[in-house]
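*Asks:* One letter stands for each residue in the lines below.
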Amino acid sequence: MLSMKHITKSFATDNVVTHALREINLDLAEGDFVSVTGPSGSGKTTFLNIAGLLESATAGEYWLDGEDISKLDDKGRSRMRNQKIGFIFQSFNLIPDLNLFDNVDVPLRYRGFNAAERKKRIEFHLEQVGLASRMKHLPSQLSGGQQQRVAIARALATSPRFLLADEPTGNLDSSMAQSVMALLEEINRAGTTILMVTHDNTLAAQAKRQIYIKDGRVQEITDNRNIHNLAVG
Amino acid sequence: MFSYYLKLAWLSSKKTWGMSLLMVLAIGLGIGAAMTTVTVNYLMSANPIPEKSEQLYYVQLDSWEPTEPYFENGDPPEQLTYRDATALMQAKKATRQVIMSGMAAVIEPKNKDALPFMVGGRASSADFFPMFNVPFLFGSGWDAQADEKKELVVVINAELNERLFGGRDSTGETLRLAGKDFKISGVMARWNPKPKFYDITTGAFEDVEEVFVPFSLITEQFFDRSGNTNCWKPSESGFQAFLDSECIWTQVWVELPTAADRDAYQGFIDAYAAEQHKFGRFARQNNNKLSDVMTWLEQRQVVSDDASMMMAMALMFLAVCLLNTVGLLLAKFLGKASEIGVRQALGASRKDLFIQHLVESGVIGLAGGLLGLVFAWLGLSAIKAMYGDWIRDLAELDMNMILLAIALAIVSSILAGLYPTWRACQIQPSQQLKAQ
Amino acid sequence: MLELGPMLRALMRNKIGALLIALQIALTLTIMVNAIFMMIERSAQMARPSGLDETNTFYLTNTVFAPDYNLQAALAQDLQRIRETPGVVAATQINAIPLSGGGWSMSLQNKAGDDIDGTGVAVYMVDEQGVDALGVELIAGENFAPSDIIWRDEAATEWPDKIIITKAMAEAMFDGDWNKALGQTLYINNHEPMRIVGIIKTLQAPWNGWDKVENAMLVPQQLDGRNSRFFIRTEPGRRDALMPQLEKALAESDKGRIIRSVKTMEQTRADSYREDQATYRILFTVIVVLTLITGFGIVGLAMFSINRRTRQIGTRRALGASQWQIMRYFMLENLLISTAGVVLGVAGAIGLNIWLVSSFAMKPLTPGLLIVGCFALLAVGQLAVSYPALIAARISPATATRGRA
Numbered sequence: 001m002l003s004m005k006h007i008t009k010s011f012a013t014d015n016v017v018t019h020a021l022r023e024i025n026l027d028l029a030e031g032d033f034v035s036v037t038g039p040s041g042s043g044k045t046t047f048l049n050i051a052g053l054l055e056s057a058t059a060g061e062y063w064l065d066g067e068d069i070s071k072l073d074d075k076g077r078s079r080m081r082n083q084k085i086g087f088i089f090q091s092f093n094l095i096p097d098l099n100l101f102d103n104v105d106v107p108l109r110y111r112g113f114n115a116a117e118r119k120k121r122i123e124f125h126l127e128q129v130g131l132a133s134r135m136k137h138l139p140s141q142l143s144g145g146q147q148q149r150v151a152i153a154r155a156l157a158t159s160p161r162f163l164l165a166d167e168p169t170g171n172l173d174s175s176m177a178q179s180v181m182a183l184l185e186e187i188n189r190a191g192t193t194i195l196m197v198t199h200d201n202t203l204a205a206q207a208k209r210q211i212y213i214k215d216g217r218v219q220e221i222t223d224n225r226n227i228h229n230l231a232v233g
Numbered sequence: 001m002f003s004y005y006l007k008l009a010w011l012s013s014k015k016t017w018g019m020s021l022l023m024v025l026a027i028g029l030g031i032g033a034a035m036t037t038v039t040v041n042y043l044m045s046a047n048p049i050p051e052k053s054e055q056l057y058y059v060q061l062d063s064w065e066p067t068e069p070y071f072e073n074g075d076p077p078e079q080l081t082y083r084d085a086t087a088l089m090q091a092k093k094a095t096r097q098v099i100m101s102g103m104a105a106v107i108e109p110k111n112k113d114a115l116p117f118m119v120g121g122r123a124s125s126a127d128f129f130p131m132f133n134v135p136f137l138f139g140s141g142w143d144a145q146a147d148e149k150k151e152l153v154v155v156i157n158a159e160l161n162e163r164l165f166g167g168r169d170s171t172g173e174t175l176r177l178a179g180k181d182f183k184i185s186g187v188m189a190r191w192n193p194k195p196k197f198y199d200i201t202t203g204a205f206e207d208v209e210e211v212f213v214p215f216s217l218i219t220e221q222f223f224d225r226s227g228n229t230n231c232w233k234p235s236e237s238g239f240q241a242f243l244d245s246e247c248i249w250t251q252v253w254v255e256l257p258t259a260a261d262r263d264a265y266q267g268f269i270d271a272y273a274a275e276q277h278k279f280g281r282f283a284r285q286n287n288n289k290l291s292d293v294m295t296w297l298e299q300r301q302v303v304s305d306d307a308s309m310m311m312a313m314a315l316m317f318l319a320v321c322l323l324n325t326v327g328l329l330l331a332k333f334l335g336k337a338s339e340i341g342v343r344q345a346l347g348a349s350r351k352d353l354f355i356q357h358l359v360e361s362g363v364i365g366l367a368g369g370l371l372g373l374v375f376a377w378l379g380l381s382a383i384k385a386m387y388g389d390w391i392r393d394l395a396e397l398d399m400n401m402i403l404l405a406i407a408l409a410i411v412s413s414i415l416a417g418l419y420p421t422w423r424a425c426q427i428q429p430s431q432q433l434k435a436q
Numbered sequence: 001m002l003e004l005g006p007m008l009r010a011l012m013r014n015k016i017g018a019l020l021i022a023l024q025i026a027l028t029l030t031i032m033v034n035a036i037f038m039m040i041e042r043s044a045q046m047a048r049p050s051g052l053d054e055t056n057t058f059y060l061t062n063t064v065f066a067p068d069y070n071l072q073a074a075l076a077q078d079l080q081r082i083r084e085t086p087g088v089v090a091a092t093q094i095n096a097i098p099l100s101g102g103g104w105s106m107s108l109q110n111k112a113g114d115d116i117d118g119t120g121v122a123v124y125m126v127d128e129q130g131v132d133a134l135g136v137e138l139i140a141g142e143n144f145a146p147s148d149i150i151w152r153d154e155a156a157t158e159w160p161d162k163i164i165i166t167k168a169m170a171e172a173m174f175d176g177d178w179n180k181a182l183g184q185t186l187y188i189n190n191h192e193p194m195r196i197v198g199i200i201k202t203l204q205a206p207w208n209g210w211d212k213v214e215n216a217m218l219v220p221q222q223l224d225g226r227n228s229r230f231f232i233r234t235e236p237g238r239r240d241a242l243m244p245q246l247e248k249a250l251a252e253s254d255k256g257r258i259i260r261s262v263k264t265m266e267q268t269r270a271d272s273y274r275e276d277q278a279t280y281r282i283l284f285t286v287i288v289v290l291t292l293i294t295g296f297g298i299v300g301l302a303m304f305s306i307n308r309r310t311r312q313i314g315t316r317r318a319l320g321a322s323q324w325q326i327m328r329y330f331m332l333e334n335l336l337i338s339t340a341g342v343v344l345g346v347a348g349a350i351g352l353n354i355w356l357v358s359s360f361a362m363k364p365l366t367p368g369l370l371i372v373g374c375f376a377l378l379a380v381g382q383l384a385v386s387y388p389a390l391i392a393a394r395i396s397p398a399t400a401t402r403g404r405a
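Chains as they are written, first to last, in the numbering used here: chain X, 1 to 233; chain R, 1 to 436; chain P, 1 to 405.
Think of the hints as simulated: they come from the structure by calculation, not from any bench.
Heads up, a few of these hints could be off.
Partial list, derived from the structure: chain P residues whose beta carbon lies under 8 Å from chain R [stated by the list, open to error]: (1) Phe65; (2) Pro67; (3) Asn70; (4) Glu142; (5) Leu290; (6) Phe360; (7) Lys363.
For glycine and all other residues, C-beta sits at the position ideal for the given N, C-alpha and C.
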């Protein structure tokens with residue numbers, strides 16, 4: 001599904017080269033749910049941006065769903081983001097001028113679906129997050145948890161196979177955070193691969209695998225599945 | 001997708017409606033001012049007789065005072081003396097030639113209840129009508145014989161024919177003009193070239209005269225001459241002395257179909273001037289000019305200084321309005337940076353964003369352009385009201401000008417929108433998506 | 001100022017935005033200063049007195065078309081009829097009307113001779129009531145006597161031997177000292193002598209754009225022609241009633257002629273300066289609209305910039321900045337940009353003026369106006385930014401601790 005080899009990201013400013021990421025190697029299988037943790041400034045956001053094609057790596061190889069990302073131009077990368085990747089952000093990033101329906105509509109427009117298909121998908125996904133009745137509301141009329149659920153509906157609208165979540169519960173209280181987390185797990189169970197950056201160890205532990213990044217390097221990868229199984233079993 | 005972008009443009013404009021209104025207003029005022037002045041300049045510098053403007057030449061001979069040229073820049077006088085003009089006419093060296101001067105006379109209508117009234121006219125020789133492609137409703141001009149025999153014939157314009165004869169074919173009827181009975185030989189169709197190129201000495205945008213009579217009748221002194229008369233040398237008393245004097249008051253046009261004809265005619269007038277020089281006239285014997293219609297109009301600068309200055313000002317005004325719009329659009333688009341970032345994350349390519357923002361600027365530009373047309377129309381109406389009658393035909397929007405206005409609006413708004421749009425597309429999504 | 005350094009660095013990060021405002025201000029100044037200068041020139045031109053009693057005068061044209069007409073007798077009769085009408089102060093036949101655009105000019109010289117440079121002068125042929133009818137002020141010498149008036153045939157070229165000239169013409173002929181002129185002789189048509197019997201304060205020529213518009217002379221002649229004009233002065237307040245009354249009386253007294261172009265001097269002045277008046281109004285509108293657009297543009301840009309910096313401003317407030325300090329920041333920022341714009345604009349204004357001077361014979365700008373223009377635009381900038389700055393100052397310090405709105 002996702003494969004990174006020797007991914008490096010550095011910034012050159014005023015004669016100083018800062019390495020945000022060094023030699024990241026990572027493979028994600030279809031249906032994986034991986035959490036990324038690490039201290040502030042460790043490079044986890046940069047890692048997520050590269051994984052989500054919002055930034056390019058300085059060096060290294062990145063394959064996503066069988067395509068070599070380094071070979072893609074802006075159009076190709078946009079297509080990948082649109083069709084294969086869904087994004088969820090800490091601050092939701094709903095477009096304030098658009099109502100819920102139109103917010104979820106955004107990726108579908110770029111996908112080029114016809115009106116009927118778009119309407120079907122928007123209604124389905126808003127139903128899925130329990131906000132179908134509020135389609136005409138503006139984001140500002142919703143609570144934080146509701147806004148994040150809309151963002152998730154929007155991320156899922158184009159049926160991406162890969163979901164990237166950047167501190168998805170960072171701006172939410174714990175009960176809302178749990179409900180969002182439950183939603184993500186449900187999505188994962190349905191087959192979507194999820195990569196989630198968080199600083200909350202409890203949430204991180206709910207993922208199938210845990211990556212710990214520090215100083216731009218992957219320090220350790222923990223497989224939670226056995227623990228899970230134990231807990232469940 | 002286009003309708004989607006239109007919807008986004010509408011939503012975005014509505015959100016910052018004050019700024020959108022300011023931008024539309026600024027573009028509208030800029031375009032309106034530019035179009036108003038461009039229209040006046042365009043019509044002032046129009047070619048009044050495009051089909052043969054390059055074959056018609058205005059003749060200038062330098063008969064003026066030996067010590068001082070007529071124009072400061074040394075150009076020959078703008079009119080000819082009677083004796084020189086008649087000499088050129090008698091030589092008949094051009095395909096067609098016309099001598100003329102302004103005149104005025106009183107018309108006494110046949111209907112005794114109607115009051116006599118004054119009309120402005122033109123005394124010209126027979127070639128005037130074929131030479132300047134004058135259209136006729138009825139009849140035609142007179143022939144060279146009528147000139148020679150000083151026949152009392154007259155051509156009247158359509159408006160006068162309407163007034164005196166109710167628009168019917170009045171050829172052959174008589175017209176009581178300057179106390180004499182003139183036979184009407186033709187009725188002109190509506191014809192009002194702007195500029196009134198054939199005589200711009202009393203204003204380049206006057207209306208065409210109401211009556212035309214043979215120039216040869218001038219010597220009979222039935223009617224008053226009109227137009228400018230300039231003299232540098234005192235002359236004896238009496239009309240014959242006036243005709244023989246160095247006073248300039250007549251105009252001569254010649255029709256020369258080819259460049260060779262033109263060169264030959266130039267040679268002819270130079271030779272004429274050289275001959276006169278021998279008799280003590282024409283101190284500057286080589287200062288003789290043949291100017292075709294557009295050269296003549298440019299040389300005499302029929303486009304008024306005010307019109308050119310206003311146009312320069314208006315174009316700068318448009319530049320201010322566009323700078324204003326660029327600034328506001330830039331601020332607005334950069335203010336939407338986070339939305340742009342989100343859209344990129346959701347799959348919008350740079351091209352998608354480029355089109356989206358260009359549509360937004362385009363919508364503002366189009367609204368501004370349409371408003372600009374309204375302002376241009378208002379501006380031209382104001383000009384007509386303020387400057388008076390002579391500018392009437394110079395303050396009309398024609399199809400060319402409307403198309404130009406729309407093109408100008410679209411080009412300006414796209415120009416104004418291009419940089420802000422480009423900047424919007426340069427926004428790095430990863431910078432915008434982090435929580436603040 | 002402590003803030004200047006960081007402010008400049010902040011501006012440099014948004015170079016284009018600042019540059020756009022500066023350019024806009026520069027162009028506005030360029031247009032504004034030149035437009036105001038043109039307006040001042042026009043209004044000075046329009047304010048010049050014609051020398052006439054404009055409020056109480058009018059004129060009409062008499063065109064004879066009937067054959068076999070005793071022109072001299074009819075003229076005398078018409079003049080008598082006009083002069084005897086109650087309310088008429090004076091009337092004269094005249095060949096041309098001041099400011100009307102059409103008239104005669106001749107050249108006068110100090111000495112007789114063929115090759116002597118002359119000075120252009122507008123000619124008004126009047127009779128002994130000319131001075132009174134025009135309402136011009138005789139400041140030296142005397143008026144024409146009835147016996148001075150001679151008939152002039154239409155094609156005649158001879159001139160009478162007495163003239164009255166304007167003070168400006170006298171100054172032009174006698175080295176700037178008009179007192180020397182009275183009693184002196186000037187020459188017309190190179191050789192014909194004319195003695196100056198009187199000097200009038202002001203009388204403008206028929207052409208308002210002529211460089212010698214103040215040069216005029218009165219000659220004691222009556223025209224023997226089929227077109228004649230009567231210039232009539234009435235008692236105050238009676239002009240408008242007398243105009244149609246006289247027109248009708250003259251028209252009905254004789255069917256062999258028409259009476260036309262009955263017009264007041266006030267209307268003649270308005271027509272004469274119509275284009276200048278229109279240009280003046282247009283320029284005024286341009287300046288007002290331009291200033292408004294630039295002003296509102298500054299408001300708009302400042303509003304956007306403040307919206308984007310809400311949190312930053314809140315943070316500054318939280319860190320102890322007073323409302324006045326926040327306001328001052330934006331006012332100062334605008335002052336900085338405007339100053340740059342004004343400096344550019346001075347160059348632009350001078351450049352445009354140089355072009356206008358070379359292409360359209362305009363006069364060079366006065367530096368005083370340029371300086372006034374600069375300060376006016378700086379004031380417009382400060383005024384425009386004060387409202388957004390006030391809004392910025394009212395941003396609550398609590399904004400800093402809230403999430404983004």
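*Asks:* Would you mind marking each hint as holding or not holding in the structure?
*Replies:* Against the structure, the hints:
At its closest, the beta carbon of P:Phe65 sits 4 Å from a beta carbon of chain R; the interface hint therefore holds under the 8 Å criterion. Because the smallest distance between the Cβ of P:Pro67 and any Cβ of chain R comes to about 5 Å, under 8 Å, the interface hint for this residue holds. Using the Cβ-Cβ criterion of 8 Å, the hint placing P:Asn70 at the interface with chain R is not satisfied: the shortest such distance is roughly 15 Å. Given the 8 Å rule on beta carbons, the hint for P:Glu142 is violated: about 28 Å separates it from the nearest Cβ of chain R.
Proximity of P:Leu290 to chain R holds as hinted, the smallest CB-CB distance being about 6 Å (cut-off 8 Å). Given the 8 Å rule on beta carbons, the hint for P:Phe360 holds: about 5 Å separates it from the nearest Cβ of chain R. At about 13 Å, the closest approach between the beta carbon of P:Lys363 and any beta carbon in chain R exceeds 8 Å, and the interface hint on this residue is violated.
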